[in-house]
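Asker: Each protein sequence line maps, in turn, to chains Y and B.
470 is the number that the working numbering gives the last residue of the first sequence; the numbers go up by one with no jumps.
470 is the number that the working numbering gives the last residue of the second sequence; the numbers go up by one with no jumps.
Bear in mind the hints are in silico, worked out from the structure with no lab data behind them.
Just so you know, nobody snuck in bad clues.
Copies of the same chain are indistinguishable here, so a pair counts whether it falls within one copy or spans any two.
Mimicking DSS-like on lysine-lysine, the simulated pairs with C-alpha atoms at most 30 Å apart in a straight line are:
hint: 1; residue 1: Lys249; residue 2: Lys210
hint: 2; residue 1: Lys253; residue 2: Lys210
hint: 3; residue 1: Lys98; residue 2: Lys36
hint: 4; residue 1: Lys350; residue 2: Lys307
hint: 5; residue 1: Lys253; residue 2: Lys200
hint: 6; residue 1: Lys114; residue 2: Lys143
hint: 7; residue 1: Lys296; residue 2: Lys350
hint: 8; residue 1: Lys410; residue 2: Lys98
hint: 9; residue 1: Lys200; residue 2: Lys153
hint: 10; residue 1: Lys36; residue 2: Lys307
hint: 11; residue 1: Lys36; residue 2: Lys114
hint: 12; residue 1: Lys410; residue 2: Lys153
hint: 13; residue 1: Lys326; residue 2: Lys366
hint: 14; residue 1: Lys200; residue 2: Lys210
hint: 15; residue 1: Lys200; residue 2: Lys249
hint: 16; residue 1: Lys125; residue 2: Lys143
Listed below are the residues making up each chain.
Protein chains: 2
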Amino acid sequence: MDYLTGVRQKETLEISELLLNAEAGQKVHVNGAVHTIRDMGTVAFVILRKREGLLQCVYEEGIAGFELNGIKEAATVEIEGTLEKNEKAPNGIEIRMEKLRILSEPADERMPLAISKWKLKTSLEAKLNYRAISLRNVRERAKFRIQEGLIRAFRDFLYSQGFTEIHTPKIGAKGAEGGANIFKLDYFHRPAVLAQSPQFYKQMMVGVFDRVFETAPVFRAEKHNTKRHLNEYTSLDLEMGYIDGFEDIMAMETGYLQYAMRLLSSDYAKELQILDITLPKVGQIPAVRFHEIKEAVSEKYGHKMRNPFDLEPEEEQLISRYAKEEWDSDFVFVTHYPSKKRPFYAMDDPEDTRYTLSFDLLFRGMEVTTGGQRIHDHRMLTEKIEARGMTEEGMEDYLAAFKHGMPPHGGLGIGLERLTMKLAGEDNVRETTLFPRDLSRLEP
Amino acid sequence: MDYLTGVRQKETLEISELLLNAEAGQKVHVNGAVHTIRDMGTVAFVILRKREGLLQCVYEEGIAGFELNGIKEAATVEIEGTLEKNEKAPNGIEIRMEKLRILSEPADERMPLAISKWKLKTSLEAKLNYRAISLRNVRERAKFRIQEGLIRAFRDFLYSQGFTEIHTPKIGAKGAEGGANIFKLDYFHRPAVLAQSPQFYKQMMVGVFDRVFETAPVFRAEKHNTKRHLNEYTSLDLEMGYIDGFEDIMAMETGYLQYAMRLLSSDYAKELQILDITLPKVGQIPAVRFHEIKEAVSEKYGHKMRNPFDLEPEEEQLISRYAKEEWDSDFVFVTHYPSKKRPFYAMDDPEDTRYTLSFDLLFRGMEVTTGGQRIHDHRMLTEKIEARGMTEEGMEDYLAAFKHGMPPHGGLGIGLERLTMKLAGEDNVRETTLFPRDLSRLEP
Numbered sequence: 027m028d029y030l031t032g033v034r035q036k037e038t039l040e041i042s043e044l045l046l047n048a049e050a051g052q053k054v055h056v057n058g059a060v061h062t063i064r065d066m067g068t069v070a071f072v073i074l075r076k077r078e079g080l081l082q083c084v085y086e087e088g089i090a091g092f093e094l095n096g097i098k099e100a101a102t103v104e105i106e107g108t109l110e111k112n113e114k115a116p117n118g119i120e121i122r123m124e125k126l127r128i129l130s131e132p133a134d135e136r137m138p139l140a141i142s143k144w145k146l147k148t149s150l151e152a153k154l155n156y157r158a159i160s161l162r163n164v165r166e167r168a169k170f171r172i173q174e175g176l177i178r179a180f181r182d183f184l185y186s187q188g189f190t191e192i193h194t195p196k197i198g199a200k201g202a203e204g205g206a207n208i209f210k211l212d213y214f215h216r217p218a219v220l221a222q223s224p225q226f227y228k229q230m231m232v233g234v235f236d237r238v239f240e241t242a243p244v245f246r247a248e249k250h251n252t253k254r255h256l257n258e259y260t261s262l263d264l265e266m267g268y269i270d271g272f273e274d275i276m277a278m279e280t281g282y283l284q285y286a287m288r289l290l291s292s293d294y295a296k297e298l299q300i301l302d303i304t305l306p307k308v309g310q311i312p313a314v315r316f317h318e319i320k321e322a323v324s325e326k327y328g329h330k331m332r333n334p335f336d337l338e339p340e341e342e343q344l345i346s347r348y349a350k351e352e353w354d355s356d357f358v359f360v361t362h363y364p365s366k367k368r369p370f371y372a373m374d375d376p377e378d379t380r381y382t383l384s385f386d387l388l389f390r391g392m393e394v395t396t397g398g399q400r401i402h403d404h405r406m407l408t409e410k411i412e413a414r415g416m417t418e419e420g421m422e423d424y425l426a427a428f429k430h431g432m433p434p435h436g437g438l439g440i441g442l443e444r445l446t447m448k449l450a451g452e453d454n455v456r457e458t459t460l461f462p463r464d465l466s467r468l469e470p
Numbered sequence: 027m028d029y030l031t032g033v034r035q036k037e038t039l040e041i042s043e044l045l046l047n048a049e050a051g052q053k054v055h056v057n058g059a060v061h062t063i064r065d066m067g068t069v070a071f072v073i074l075r076k077r078e079g080l081l082q083c084v085y086e087e088g089i090a091g092f093e094l095n096g097i098k099e100a101a102t103v104e105i106e107g108t109l110e111k112n113e114k115a116p117n118g119i120e121i122r123m124e125k126l127r128i129l130s131e132p133a134d135e136r137m138p139l140a141i142s143k144w145k146l147k148t149s150l151e152a153k154l155n156y157r158a159i160s161l162r163n164v165r166e167r168a169k170f171r172i173q174e175g176l177i178r179a180f181r182d183f184l185y186s187q188g189f190t191e192i193h194t195p196k197i198g199a200k201g202a203e204g205g206a207n208i209f210k211l212d213y214f215h216r217p218a219v220l221a222q223s224p225q226f227y228k229q230m231m232v233g234v235f236d237r238v239f240e241t242a243p244v245f246r247a248e249k250h251n252t253k254r255h256l257n258e259y260t261s262l263d264l265e266m267g268y269i270d271g272f273e274d275i276m277a278m279e280t281g282y283l284q285y286a287m288r289l290l291s292s293d294y295a296k297e298l299q300i301l302d303i304t305l306p307k308v309g310q311i312p313a314v315r316f317h318e319i320k321e322a323v324s325e326k327y328g329h330k331m332r333n334p335f336d337l338e339p340e341e342e343q344l345i346s347r348y349a350k351e352e353w354d355s356d357f358v359f360v361t362h363y364p365s366k367k368r369p370f371y372a373m374d375d376p377e378d379t380r381y382t383l384s385f386d387l388l389f390r391g392m393e394v395t396t397g398g399q400r401i402h403d404h405r406m407l408t409e410k411i412e413a414r415g416m417t418e419e420g421m422e423d424y425l426a427a428f429k430h431g432m433p434p435h436g437g438l439g440i441g442l443e444r445l446t447m448k449l450a451g452e453d454n455v456r457e458t459t460l461f462p463r464d465l466s467r468l469e470p
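If we strip away everything but chain Y, and leave its shape as in the complex, we get (with noise of 0.2 Å):
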């Protein structure tokens, strides 16, 4: 019997370490996968790829206690040297080999991609055919570390607002939002649905827990194949009770993304330096109403309206660009969608029930977030599905913690690789989607 006391110690040190902890002249014990090897004669660099960065290590015969050739592309190996200073190098360090172990070999060292170039210059279609192989790009991957940025603080925000996580079934009798585009299985012989949103769920827990969010996969069959779409994506959820109107659920969203902003300055100031990132402002948000906007950016740019009850992808641009030369913002809520694009729980604005008290976040032409106040009241609840020629059925266990009480509220959902996409500066979402579910892509 052995007993485990925890994360052990390890001899080998991360890039972090080397420059905290090592001094120049010492001797160091580091691992990590040969990125490229460049041998220039009389020495070579190998350069190891571990998940701080790139660490430079130097090969020079007489020193180095192993042949170079002992060393393949895509091996994981560790490495004994001595830590020195180079202002060339990546980080300014680089490790004089004496010793290698090898740890891992490939079965074939020709890479289907040139992953160490500093811009991986391949088709979308071949990094997400070779996914596991395109994100050993440094550049690549950083876009991940950003996504993580993003969807850590919408939780760390959210637990210091007073909210409950929540995990709600992907799997249920009955999607949230209704019509086609939901996803239909064979559940122990009974038909089922996956999830389109937790919509339902995250406002029966408001009645538990006054605040809620989720962070989790959602599914639409949508046969849309265009840039923005995805079959499958992260929903950043939240829904809050005693709200005195939907602006507070706005007012949530925007200091989500000034802590979100922060926060990746703070701590993801490395990824955005290699994607060369600029963080949008959040001081304020400009926020503007649908119709108005709409006709504000049909007079500026000319353009002429087609639809008037939502907005078409053109016009996400115009308002944004809109924002940006009238306002100076990168983002911009648009507000009071029309009610008959909206679904039967949005809360109709009472000074014209056209309109519902609901917005939309732009960002950089794109939407991001959907959100509103929710109707809290049983009958008007009842009376919109019985309006709307829609069915109870299937909606009882919904319908339920309304008839027993339900605060006002309201809340929003933000698609996490969308948001990842523009501020990458990404204009096609699979960029930011580790596993893209699209039509055509169901693997790997």
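Chain B: place on chain Y using the hints.
Answerer: Showing chain B alone in chain Y's frame:
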């Protein structure tokens, strides 16, 4: 056009704000759901349910500027009154009510469950049927705050250990573990499955980030109807490269558990008290070999071994009892599981290939984690696939990662609901699942 500048300051105070920032005699505004009303004749107590707990409000004729029968149970209200100290009230404070504003009223105030009782005395079946209501009971909801602490600790601890959070697809072409327990669905006229685990993806991502984790739902179409199985649950998964052995994985889990218990003690003390939970000591966790502990409990407790290759539930209980009696530990690692009961990617023990470099963690009589070292060598992996009579078809992308080099690595998966269940002293995993999915339960 308006501006949103961040979270809006509320006039209403939360319980922690009343305790920290308000003084006896001060006029305050509070809101909440009417949990219960106790009319004592000359005086009445209106107990508000708020996210931080219960708040006692006192109704006295002459002081309150409204009628007591203006308040219904299950309504949500905003109250203006005077803060007073009262040792007998929850948190030692109460509000003498002066003004009342009704925020919402229930359509039906006859609650299906007596949620204001300290312990909800009803069947599990009833609790699950009225989930949105039963969770309004203070003890019922506290379990899910503990669950939050466990998952939050997992992420925070792993961030601190250099892990990157990933989001892998739940819809795929092929299951990672194989076998019959896979939910199937139609994906735009192509056969697809729901992920049983993120196994293949997290391994592929070890080649990218060295250390990764994911906290997400997994789906198992198992036809078990037991107290410990769910068909959908939240899996806490990690995978780490550059390990010296599978002991590194167990040590990381030990570190996580130590961190989690500290976080629960500091940030969830209220819920621990509500549930009367005594946290287990996690100074060190004993690790013992599968065949040795099987023999030891057989001998000590006279248990008859039926299956030499797996642990029966009864054996898990006996092993935990043994660990408690012999080593005073609520946790015990059982290591070196038989190869034939572990998946193809498990690393066999080079010293005896009938066993694997793997482990389960048992906690108070039940398996809550499965983990181990994986095969990282491409050839060893393909040979094992062949030896098992499996096909590489559908695993090309997974195998490509190995072909092009992977470090020695391993990982684990923890069932969040089971861990919560054993910590909370429940005997059915449904008690600690927000909306369980099992053979008969697809709603709510």
